[in-house]
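Student: So the chains spell out like this:
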Amino acid sequence: MVGSVGERQRAEPRGLHLVGEEVYADWEAVYRDNIGRIHRLMYAKVGNRPDAEDLTTEVFLTALRPLRISASVGEVRSYLLATARTVLADYWRRTLGREITTLDEELGMSTPEPAPTDPTAPARAAAILAELPERYRRILELRFLGACSIKEAAAEMGVSIGNAKVLQHRALRQAATVAEGMLS
Amino acid sequence: MKTPVWRYVEDLLAGRRPRRFRPDEDDAAQVRAAILLRAAEDPGEPSAEFVASLHDRLAAEMDGEKPANRRRFVKVTTAAAAAVAVGAGVDHVITDAVTAAAPKDQNLVPDDGEWRPVVASADLPDGSVRPFDLGAVAGFLRRDGAEVSAVSAVCTHLGCRLRLDAPERKLNCPCHRTSFNVDGSLATHELPVAPPPLPHVLARESNGHVEVFVPPSA
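Protein chains in written order, with this note's numbering: chain X, 178 to 361; chain H, 51 to 268.
Keep in mind that the hints were calculated from the coordinates and are not lab data. Treat the hints with care, as some may be off.
[Claimed, not checked] In silico contact screen, one side only, chain X against chain H (beta carbon under 8 Å); selected entries:
{"#": "1", "residue": "Ala-221"}
{"#": "2", "residue": "Asp-228"}
{"#": "3", "residue": "Ala-229"}
{"#": "4", "residue": "Thr-260"}
{"#": "5", "residue": "Arg-312"}
{"#": "6", "residue": "Arg-314"}
{"#": "7", "residue": "Met-334"}
{"#": "8", "residue": "Val-336"}
{"#": "9", "residue": "Asn-340"}
{"#": "10", "residue": "His-346"}
{"#": "11", "residue": "Arg-347"}
Positions of the beta carbon are idealized from the N, C-alpha and C atoms, including for glycine.
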């Protein structure tokens with residue numbers, strides 16, 4: 178019942194309220210409908226659960242209280258996403274002092290109801306891995322996709338642990354270069 | 051190989067909270083690539099425990115609201131303040147919106163209020179800006195020399211809560227990328243029509259504290 182709201186809203190100028198839009202019954206409905214998408218989004222942007230959970234918590238603690246319950250489903254989602262964007266930016270500023278990842282793509286000005294997750298992550302990762310030399314690709318697959326320890330990965334590839342570490346380091350650097358190249 | 055960026059990536063791979071460090075450009079790119087690869091492996095569904103525990107925390111938070119108390123607010127005197135109250139919806143109810151003319155001085159003044167201390171004077175040094183939230187009124191306090199002042203923390207566009215960017219001295223709206231200067235004037239916006247400046251909240255110093263004028267507590 179909620180799915181069509183974003184579609185309708187997208188066609189409208191921003192800031193206008195439509196008559197008869199879907200609204201949430203209460204804050205718990207807002208929570209149930211959005212907890213999954215906000216957490217998935219944060220996980221995709223920070224890559225670990227402890228931080229993804231903290232940031233998701235921060236989004237809901239920040240956004241839920243001042244939220245107008247009369248706002249449409251689309252507006253609520255946009256608001257949560259917008260809050261997530263600032264929360265993520267603050268997180269990077271606080272931790273690494275650089276914006277490593279952003280929610281800017283998800284929150285383009287022209288799309289008030291953007292995609293709630295990043296379905297392209299596996300595709301992008303595959304594209305990056307495909308660009309790497311065989312051994313680089315292999316070590317990253319073993320470590321990142323195969324959940325191998327460095328020791329297991331080394332054994333799998335028939336190299337010493339020290340070599341595996343060097344390989345991983347170089348592979349990730351090259352993957353980073355490839356990824357940057359794809360963005361620009 | 052125990053470089054900070056190596057440790058960071060190993061923390062990610064182990065599912066731990068990664069340790070902070072100051073990455074250079076090259077490190078940052080590696081961290082970014084590592085996060086992308088992690089996200090490719092795991093769609094990041096929240097755990098049931100987390101969903102339940104955050105729910106409980108929010109429930110406690112939302113129960114702490116006192117709607118009856120909040121509704122005693124507000125007498126507003128300008129169109130801009132009316133926009134604030136409309137945006138804030140259930141939390142802030144207008145009882146009297148007087149004029150729609152472009153206002154010069156927007157003040158958010160309760161018809162029946164009291165001075166409430168927000169922060170010790172010493173904790174608001176010259177040039178600083180601090181957020182405050184007293185339930186019915188949330189805003190940002192600021193000191194310029196001897197003068198203290200406060201503006202509302204609610205965007206005059208659709209009522210989203212503004213966030214302080216202290217280094218830039220801006221109040222940013224997370225909803226539509228509007229930003230205000232800390233004195234309440236509009237800084238930037240991407241809206242068809244410029245939103246009004248932020249209403250001021252009355253503020254003063256008394257007995258070593260900075261106080262704001264807000265509706266009385268129930």
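Student: Hint by hint, say whether it matches the structure.
Tutor: Hints and how they fare:
1. Ala-221: holds, 4 Å
2. Asp-228: With a minimum Cβ separation of about 6 Å from chain H (threshold 8 Å), the hint on Asp-228/X holds.
3. Ala-229: Because about 6 Å separates Ala-229/X from the closest Cβ in chain H, which is inside the 8 Å limit, the hint holds.
4. Thr-260: Hint on Thr-260/X: holds, closest Cβ of chain H at ~5 Å, below 8 Å.
5. Arg-312: Hint violated; Arg-312/X Cβ to chain H Cβ min 16 Å, cut 8 Å.
6. Arg-314: violated, 11 Å
7. Met-334: violated, 16 Å
8. Val-336: violated, 14 Å
9. Asn-340: violated, 11 Å
10. His-346: For His-346/X, the interface hint holds, since the closest Cβ of chain H sits about 7 Å away, which is under 8 Å.
11. Arg-347: violated, 11 Å
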